[in-house]
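Asks: For the record, the sequence lines run as chains W and V.
When you line the first sequence up against the numbering used here, it's residues 100 to 540, in that order.
When you line the second sequence up against the numbering used here, it's residues 2 to 170, in that order.
Please note that the accuracy of each hint is not assured.
[Claimed, not checked] Reference listing, derived: stretches of chain W covered by chain V, where coverage requires no fewer than 3 residues with Cβ under 8 Å from a Cβ of chain V:
#1 275-282
#2 414-425
[Said to hold, decoys possible] With a Cα cut of at most 30 Å, we get these calculated DSS-like pairs of lysine-lysine:
#3 V:Lys28 <-> W:Lys385
#4 W:Lys240 <-> W:Lys111
#5 W:Lys244 <-> V:Lys82
#6 W:Lys178 <-> V:Lys28
#7 V:Lys153 <-> W:Lys292
#8 V:Lys106 <-> W:Lys465
#9 W:Lys292 <-> V:Lys165
#10 W:Lys384 <-> V:Lys78
#11 W:Lys244 <-> V:Lys165
#12 W:Lys299 <-> W:Lys126
#13 W:Lys299 <-> V:Lys167
#14 V:Lys82 <-> W:Lys292
#15 V:Lys106 <-> W:Lys244
#16 V:Lys114 <-> W:Lys292
#17 V:Lys82 <-> V:Lys153
#18 V:Lys165 <-> W:Lys385
#19 V:Lys167 <-> W:Lys465
#20 W:Lys465 <-> V:Lys78
Just so you know, the hints here were simulated from the structure itself, not pulled from any lab data.
As the structure is a prediction and not an experimental result, all values here were calculated from the model.
Every residue, glycine too, gets a C-beta built ideally from N, C-alpha and C.
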Amino acid sequence: MPTLVSHPDEVKVISRRFGQGAADIDKYLELDGYKAVQKAIAQGENMAAWIIDTMKASGLRGRGGAGFPTGMKWSFVPKQSEKPKYVLVNGDESEPGTCKDHVIFLHDPHAVIEGTMIAGLAIGAKMGFIYLRGEYRYLLKIVEKAVADAYARGFLGKNIFGSGLDFDIVTQTGAGAYEVGEESALMESLEGKRGVPRIKPPFPAVVGLYGGPTVINNAETIASAPHILLMGGEAYAKIGSERNGGTRLFGISGHVERPGVYELPMGYNLKKAIYDVAGGIKDGKKLKAVVPGGSSCPVLLPEEIDVGLDFDQMGKAGTMLGSGGIVVLDETVSIVEFALRTIAFYQHESCGWCIPCREGTDWIKKTLTRVYNGGGSKKDVANVQYLAENMMGRTFCPLGDAAAMPTLGFVKKFRKEFEDYIEGHKAGTPIITVEQLVGAH
Amino acid sequence: MSEIANSIFSPATAARFDHLVTLYPVKRSALVPMLLYAQDEVGYVSDAVVTEIAQRLDLMELDVRNVLSYYSMLRTKPAGKYNVQVCTNISCMLRGGYEILDHCKHKLGIGHKEVTADGTFSLEEVECIGACCWAPAMQVNYDFHDNLTTVKVDEIIETYRAGKGKDVK
């Protein structure tokens, strides 16, 4: 069972109820539960506009990785629609290094439910879906119970909180596919198909689930909504940095003394997060590299980590904030092995629909496997870079980029290590079999 | 109630399926959850499961197989009573995920996707299971076990071997 950690620098907004038994509906109500949705309903005719304005003022940007402003996303949904509208909560977090939604579902499932209702009220939807990854089956039971409790209290279903509006929530899990975390693949999966992305446009806000306008948000984004409505958009925005409102759950893993999920203000310094919050590098070793926002984000060198953790500053630093999963590597890690393990994941998870991703990930994996096994030549490094560059921006969904970006980061920043490795392991001296290393199929 | 004759599922699972199809605007949406629940009960997605689920959702068997082959948690062959899934993705790898996997292979005497002779355990190396901050981690059926050491793995496996671990349902 995940253990909770804490640090004085944390600003607890979304994690406010963690560890207090808020999965129980009575406890949740005691801790201001379902007050935000009632506050929204109390706005009367202005309800939808008030919610969207508050969300816009909060500066909240999507916590799934892309960082699109949430209030704006909700405002894109057409007011009039012949087809029913839907809210879809993306709880299919599968990006290596990322385990924040895990903690939300475990400790505060009602916040996700309340957030789903709020999103529904904002866009005029009567139905919401909470979709968890298949591996989180034990969390589904917790969320299902929370939904059932909310129905039993009359919070969900017909005439919610006397508003005259109806709202239903259905929960389910996937069955193991990283690709389903992509929003259009998520819709395909929920419709009972292979989780393969759709061509955009049309965007989900206009043509989404079952052809209806749909808002899709990450679970952390959705769970932030009740807190924002209660504290006010401006107050939430003030916590964060410029153009990056509020706080964020950061999962710090790998070679640190105190790994865990910490809630820090947006813009918090990455170096401080690693050295102060997470206790520094494990066993007093030296830092070698940091993958800052889940495995798809380009790697940072130790001299590059004095940077603020928000979408803009990370972009300027040549990487991404992504899903907030900070993976810390100490001096003992072989970048060749780490890069191979990373690309092996994307090769396994490519849905295979478009060629640059399907073939690109496979060739990079094959080449790096040969290099790792001692059969590489210096030309292989240039080839890997060539392959990754040709995947960038050439796929239907971001998985191709997600595979190419870290690869490019590794070969550009650690080219010498790749070349030294190749020199030091002349052909014909395999260290480990391919099956042993990348057997996860 | 469904008009499909229930031949392979327990009454509870059949009732759950009848309920599932009513939840969604389109019946087919129940497909992935149904396959998982069926697998939990039968142990894997057998041909009979495919046939019955196709009938329940008015789909062709091909549609069901098409989806079945896509998702890594769905299997067409039986696994062990306890399916041990060890994560070796980056965060787990950095904290000894491969050592844990090797230890499990040695301890259980089986390799990736193999089942012990007595059918008690199966072993899989899996991609990220979302336990990065509590690495290294593994799942046995749907239960998470984290902050693993080889000693802890031994204890966990013995617990299941003694029949004291949680079953899949």
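Asks: Any of the earlier hints contradicted here, and which numbers?
Replies: 2, 3, 7, 9, 10, 12, 13, 15, 18, 19
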